[in-house]
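Asker: Just so you know, the protein sequences line up as chains L and P, in that order.
Residues in the first sequence are numbered from 119 upward in steps of one, following my numbering.
Residues in the second sequence are numbered from 119 upward in steps of one, following my numbering.
These aren't lab readings, by the way, just hints derived from the structure by calculation.
Just so it is clear, the structure is predicted and the values come from calculations on it, not from any experiment.
Don't be surprised by glycine CBs; every beta carbon is placed ideally from N, CA and C.
Check each hint, because a few of them may be wrong.
Sample of chain P residues with no beta-carbon within 12 Å of chain L, all distances over it, derived [to be verified]:
# : residue
1 : 133
2 : 134
3 : 294
4 : 367
5 : 470
6 : 660
Now the stretches of chain L that chain P is said to cover, found in silico as 3 or more residues with beta-carbon under 8 Å [claimed, not checked]:
# : region
7 : 158-170
8 : 447-460
9 : 561-569
Listed here are the chains, written in short residue letters.
Number of protein chains: 2
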Amino acid sequence: MAKSRLKIIPLGGLGEIGKNMMVIECDNDIIIVDVGLMFPDIEMMGVDLVIPDISYLEDQRDRIRGIIITHGHQDHIGALPYLLPVLNAPVYATRLTMGLIEGELKEQKVRDRVVLKVLPSDGVVTLGKFRVEFFPVNHSIPDAVGLIIDTPLGKIVHTGDFKLDHTPVSGKPTDFSRLACLGVKGVLLLLSDSTYAELPGYTPSESVVGENLERVIAAAPGRVIVATFSSLVSRIQQVIDAAVKHQRRVFIVGRSMTNTVRISQELGYLRAPDGVLGQLDELKGLPADKIVFVTTGSQGEPTSALVRIANRDFRQLHIVPGDTVVISASPIPGNEALIHRVINDIFKQGAQVLYSGLAQPAVHVHGHASQEELKLILSLTKPRFFVPVHGEYRHLVQHARLAEQVGVARENIFVMQDGDILELGPRHGRVTGRANAGNVYVDGLSVGDIGSVVLRDRKMLSRDGIVMVIIAINGQTGELVGRPDIISRGFVESKDLDVIEHSRDLVSEVLTHRRNRLAEWSVIDNKVRETLNRFYYEQTRRRPMILPFMMKV
Amino acid sequence: MAKSRLKIIPLGGLGEIGKNMMVIECDNDIIIVDVGLMFPDIEMMGVDLVIPDISYLEDQRDRIRGIIITHGHQDHIGALPYLLPVLNAPVYATRLTMGLIEGELKEQKVRDRVVLKVLPSDGVVTLGKFRVEFFPVNHSIPDAVGLIIDTPLGKIVHTGDFKLDHTPVSGKPTDFSRLACLGVKGVLLLLSDSTYAELPGYTPSESVVGENLERVIAAAPGRVIVATFSSLVSRIQQVIDAAVKHQRRVFIVGRSMTNTVRISQELGYLRAPDGVLGQLDELKGLPADKIVFVTTGSQGEPTSALVRIANRDFRQLHIVPGDTVVISASPIPGNEALIHRVINDIFKQGAQVLYSGLAQPAVHVHGHASQEELKLILSLTKPRFFVPVHGEYRHLVQHARLAEQVGVARENIFVMQDGDILELGPRHGRVTGRANAGNVYVDGLSVGDIGSVVLRDRKMLSRDGIVMVIIAINGQTGELVGRPDIISRGFVESKDLDVIEHSRDLVSEVLTHRRNRLAEWSVIDNKVRETLNRFYYEQTRRRPMILPFMMKV
């Protein structure tokens with residue numbers, strides 16, 4: 119009998135934060151773990167979303183036995199609406215995760231074409247040669263799971279996104295014992311979350327925040343406005359619990375927050391006594407110290423409720439002195455400036471603001487394991503092979519270092535990047551090739567048709583604007599007709615049009631004095647670009663995009 | 119005799135980080151403290167620098183007795199080349215600060231037109247009714263000072279940027295005793311640095327970093343590359359000292375680093391034994407463990423030496439496995455993504471990277487006072503009035519809270535914003551008005567001629583690009599001549615030009631079937647914009663800028 123071969127191919131999430139997607143192959147069977155999206159960085163101008171490149175899977179789609187989703191965050195489910203119709207395989211997830219997936223699929227109108235199968239948080243499914251078992255983990259969203267994947271070569275443990283919380287607010291603690299038993303029997307490969315591999319110590323329990331939020335709500339002289347992630351259901355639960363204890367009603371603000379609260383209540387992940395949750399039109403007459411708002415906008419997203427409130431652009435809710443605003447989240451890298459602007463604006467309107475930049479009270483804890491937890495998981499599972507997942511390259515390197523410290527053999531630790539193909543045998547593994555893996559841009563309705571040229575142009579346009587030169591030329595004689603027209607945008611203010619006027623004369627001159635009146639347009643085009651480029655740079659030290667257009671009349 | 123009146127007017131640095139500039143008026147005399155610049159945020163597209171609006175000073179320039187600069191950082195000196203020729207007053211600063219100012223002024227070719235006066239770090243100068251005394255403070259650049267300003271109403275203490283370092287690497291410790299004596303006699307007003315008012319505890323001494331850097335250099339198996347701010351002379355000194363101790367030579371890389379090292383050596387702020395500092399062409403044949411590089415790029419600045427090295431775009435220096443790279447700085451807010459990309463790239467090339475995101479070893483300490491230091495300064499000076507300076511609004515609010523905690527009367531604490539005019543009497547103070555204060559943009563050669571329209575256009579261009587429509591119309595009949603031409607940039611990839619082709623027909627149709635062939639151009643223009651806007655949005659969900667241009671033929 120031929121030996122089985124196992125391949126591990128990350129198509130996203132290794133070397134860059136977000137758009138997590140992992141392909142695992144055993145002989146003729148393929149399973150996929152997570153199909154996430156990434157939000158564009160500032161250099162991807164005008165791009166709405168970034169999803170994984172799945173060209174590697176294109177001619178082996180019939181081998182895909184299933185897609186397993188570890189939890190309901192966008193960086194793990196967000197590319198499903200775009201890729202699921204192509205991948206065309208059943209999706210397995212826990213109940214809340216599936217509720218969120220369904221919402222996404224319906225929004226993009228692809229719900230009907232796909233097969234979704236709900237499993238409990240300790241469910242098992244057999245997919246070809248793989249037997250996949252869920253185990254519950256703690257994360258900043260309920261119903262998150264890790265995976266134990268039985269293969270002919272041995273067991274793979276995939277942690278998903280996780281932390282170890284002995285006193286979680288929703289769900290059970292991460293199932294250590296199950297992992298410990300596995301470790302005793304032998305684990306072939308551990309794939310573990312590296313997001314916070316730089317952080318020493320332990321990540322505090324979600325309960326810590328609850329105690330602090332309750333103290334804040336108890337002491338607040340007026341209204342309390344708590345902003346957090348809409349998916350952080352346990353945080354919303356803690357706010358509701360504290361409000362109930364201190365005889366306040368809770369008002370949910372913002373579309374995505376309202377949606378999640380509804381789904382979570384329906385599915386039983388969020389509990390509120392009757393009469394606690396209110397509608398904004400019931401606010402009238404309610405004393406300020408009986409009110410708590412829960413809202414989105416903790417990342418300073420420009421269209422979110424909190425940002426509109428801070429800008430006095432939200433009809434039903436204006437900040438007044440005496441309000442206490444709690445930003446119960448920490449900034450995702452890149453969002454710092456946005457959220458700080460919101461904090462400043464709210465302070466200026468006389469409210470108290472509590473946020474994660476302050477040492478006390480802790481109004482947020484994050485959802486990923488720190489170094490001691492990572493070492494504990496490594497020590498419990500005692501894997502032969504280790505691949506750090508979910509993180510920038512630096513996080514993967516730090517996590518690899520932790521693995522070495524707790525005794526994983528250096529040659530069995532693979533710091534991979536998206537697209538690397540790792541082949542594992544029972545004793546040895548190595549990276550044997552590369553799959554296509556990169557960013558596919560979603561911009562408006564189109565997926566993947568935005569490329570480097572469009573982005574380079576947008577970047578250039580954003581720096582110094584554009585200058586268009588319209589040149590009318592006599593089709594017979596090649597002579598210039600009239601004065602060239604020049605229109606600019608984003609280059610100089612309209613009061614400074616001298617430089618534009620001068621440049622029209624300059625173009626006239628260049629075109630009138632050229633030797634060969636019937637020269638190729640490309641020659642004229644180059645000459646005009648060169649002349650204007652030099653002139654504008656001399657005059658302004660700016661380099662707008664220059665676009666000559668010739669019209670034969 | 120009429121009583122003197124004191125006014126405090128921040129034109130920069132209050133409510134926003136950077137471009138520090140404070141106007142202090144007493145009757146007919148004005149002094150200015152610091153004239154800094156700010157680097158543009160991502161929304162100020164294509165803008166090079168931001169400087170203060172000084173229109174408030176325009177018709178009272180003859181009252182300005184002097185400009186005092188506390189230290190040589192760009193956010194305190196950087197606007198001088200642009201504003202000093204207008205303000206036309208003598209500049210007072212310590213020796214290194216003045217050396218850096220001179221460099222800036224020469225670069226912008228305005229050195230000849232201005233008066234610069236060097237004072238020692240405990241120097242005194244009388245400027246109208248003001249007697250200004252320097253006192254040394256510790257900061258992340260040598261020769262930084264705070265100010266004790268005698269006025270007819272009492273003493274003002276201005277800390278400048280500072281921290282309290284009992285074991286500084288260059289210069290003396292901040293002069294506490296001088297401040298304590300002042301406090302006993304009575305201080306009217308304290309203006310104190312709020313940048314780190316959110317941070318509990320004390321800021322560690324610069325010496326801490328020295329010990330860690332020495333350990334790193336001692337243990338490194340190969341070359342060590344240290345990236346830091348070029349103005350952080352004490353850090354460079356510590357690297358040189360450690361290199362000397364471990365028989366390594368030091369090579370300075372990068373233009374601004376080379377400049378500062380030269381100026382600092384000339385002025386005696388940096389000491390290196392003969393033969394330690396080397397030129398890059400002396401590298402050949404030197405063993406790897408005898409080499410330390412000091413370079414710029416600790417903020418991931420795209421043209422800096424470190425970034426070019428990380429991109430393998432720096433001829434003289436490529437990363438090799440065995441190298442140790444130390445990023446001896448923490449990211450300035452907004453630069454996180456840039457510097458993390460550099461760290462990831464260097465890790466991928468097999469070097470070890472140490473950076474401030476890691477808990478151990480501490481390879482950077484910052485240069486501003488934390489909460490306990492701020493309280494100490496407040497307690498020592500016991501001011502009647504307190505104005506927190508240098509920081510975003512949230513920092514000022516936190517600093518105000520500290521002042522209240524140590525006993526400053528709440529009604530005597532003024533959390534001001536740029537442009538507020540604070541009038542102080544001997545017992546009472548209040549904000550009595552507003553001066554113009556805002557951002558003046560420097561873009562290329564021009565100062566202040568970039569306004570909201572150009573920036574709005576650049577932003578729009580950066581999102582979805584631009585579409586130009588060139589329409590030829592018969593001047594007599596008003597009839598369309600030929601098919602309209604459409605050129606786009608940053609909108610769709612050139613392989614997806616179907617949408618452009620279709621839109622040409624659409625414009626033809628609109629123009630052919632209109633009722634009034636001789637309608638105003640503005641009517642046609644609007645119609646074309648509307649039609650294309652709708653069509654492109656339907657087809658692509660993008661909204662490019664649309665620019666119709668009519669040509670009469």
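Asker: Hints first: check each against the structure and report whether it holds.
Answerer: Going through the hints against the structure:
In this structure residue 133/P is not separated from chain L by more than 12 Å, as the shortest Cβ-Cβ distance comes to only about 7 Å. Chain L draws residue 134/P into its interface by the beta-carbon criterion, the shortest separation being 8 Å against a cut-off of 12 Å. Against the 12 Å criterion, residue 294/P stays outside the reach of chain L, whose nearest CB is about 25 Å from its own CB. Every CB of chain L lies more than 12 Å from the CB of residue 367/P, the least distance being 29 Å, so the non-interface label holds.
Distance to chain L contradicts residue 470/P as a non-interface residue, since its nearest Cβ pair spans about 9 Å, not more than 12 Å. With 12 Å as the threshold on Cβ separation, the claim that residue 660/P sits away from chain L is violated: the shortest Cβ distance comes to roughly 4 Å. Counting residues of the region 158-170 of chain L whose beta carbon lies closer than 8 Å to any beta carbon of chain P gives 4, which reaches the threshold of three, so the coverage claim holds. Only residues whose C-beta sits within less than 8 Å of a C-beta in chain P count toward coverage, and the region 447-460 of chain L has 5 of them, enough to reach three; the restraint holds.
Counting residues of the region 561-569 of chain L whose CB lies closer than 8 Å to any CB of chain P gives 7, so the stated coverage by that chain holds, three being the minimum.
Violated hints for the displayed structure, listed by number in ascending order: 1, 2, 5 and 6.
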